[in-house]
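The residues making up each chain are set out below.
There are 2 protein chains.
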Amino acid sequence: MTTTNTGGGAVPARISIITLGVADLARSSAFYEALGWPRASASSAEIVWFRTADSVLGLFPADELAADAGIPPIGEPAFRGVTMGINLESERAVDEAMTAAVAAGASVVKPPKATSWGGYSGYFEDPDGHLWELAHAPGFAFSGTGQLVLP
Amino acid sequence: MTTTNTGGGAVPARISIITLGVADLARSSAFYEALGWPRASASSAEIVWFRTADSVLGLFPADELAADAGIPPIGEPAFRGVTMGINLESERAVDEAMTAAVAAGASVVKPPKATSWGGYSGYFEDPDGHLWELAHAPGFAFSGTGQLVLP
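Top to bottom, those sequences are chains A and B. The number in this note's numbering is simply the position in the first sequence, starting from 1, with 254 added. The number in this note's numbering is simply the position in the second sequence, starting from 1, with 254 added.
I should point out that these hints are in silico values taken from the structure, not numbers from a laboratory. Remember, it's a predicted structure, so these values are computed and weren't measured experimentally. Worth double-checking, as some hints may not be accurate.
Said to hold, decoys possible - Which stretches of chain A does chain B cover? Using the computed rule of at least three CB atoms under 8 Å from a CB of chain B, they are: (1) 272 to 283; (2) 290 to 304.
Unchecked claim - Partial chain B-side listing against chain A, Cβ under 8 Å, derived: (3) R268; (4) K367; (5) A368; (6) L402.
Glycine is no exception: its CB is placed at the ideal position from the N, C-alpha and C atoms.
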């Protein structure tokens, strides 16, 4: 198949995979499965992948992920400098998503509320403390498969 | 438009946006622009977005990102527990991408080499130390727009 890049040259504008370092692969995999996310059959005992409308989500033991990059692991930071957002079509969908995330084992970090930018959002953390924002941003559009499309 | 979710219930399988906390918004934005990535017109003086084939990339001041989630910021960890991967069609494309990333201001963390899983990959870090893997994984397919598609 011929690939048409959406931008970039030798470094095409892609985020093919987001890999989260996890302490317990089985526990973390069970969490995303409890959300109903589709586990890719390419997954193995060493790494687990979930398909999404956007980038692929990878789960990999944190110490091995650090070793793969060749840098020392750290312990449990308060904030890791990265957040992942799940954009939704309405404020109600944000509330319902937070309830479902908690039911799957997430912890509420910030209950959903109106934001300074005119939207509505809240945060939860997964079993390893990775931060997910649930957000409704008025005017943001989605493709037919749910991929966020920005102008 | 009617949206067909690729999986999940109230928490659809989406990673709409990956937001990286950065120390200097102008410096970091210039780096991704130097890669040729398309800056979204929805960007503002407070937050900058780039469109990709997969999730949207957001850049946001690290201290504000921590405050937005309501948790304390940290300093400069050795490893943040998250990596982002740019998958490419060949080993040569990985080498060329690493050269281009360095030309744009990235630092090589791990030069590209054959991996234990039969692929070829290397890592660079952006101006804030966020880790990007450049990888060729034999058998992995892309959509017509370059989005990674896993079975």
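Inset, instruction - Closer than 8 Å, Cβ to Cβ, for at least three residues: run that test on the stretch 272 to 283 of chain A against chain B and report holds or violated. - result: Check passed, 4 qualifying residues.
Inset, instruction - Verify the interface restraint on L402/B: the C-beta must sit less than 8 Å from at least one C-beta of chain A. - result: With a closest approach of 4 Å, the L402/B hint holds.
Legend entry - Residues of the stretch 290 to 304 of chain A with Cβ under 8 Å from chain B, three needed, outcome: holds (count 8)
Legend entry - Interface hint outcome for K367/B [beta carbon to chain A under 8 Å]: violated, 11 Å
Inset, instruction - Would you check whether A368/B satisfies its interface hint, that is, whether its CB is within less than 8 Å of any CB in chain A? - result: violated, 13 Å
Inset, instruction - Would you settle whether the hint for R268/B is holds or violated, based on the nearest Cβ-Cβ distance to chain A being less than 8 Å? - result: holds, 5 Å
When held up to the earlier numbered hints, the structure conflicts with 4, 5 and fits the remainder.
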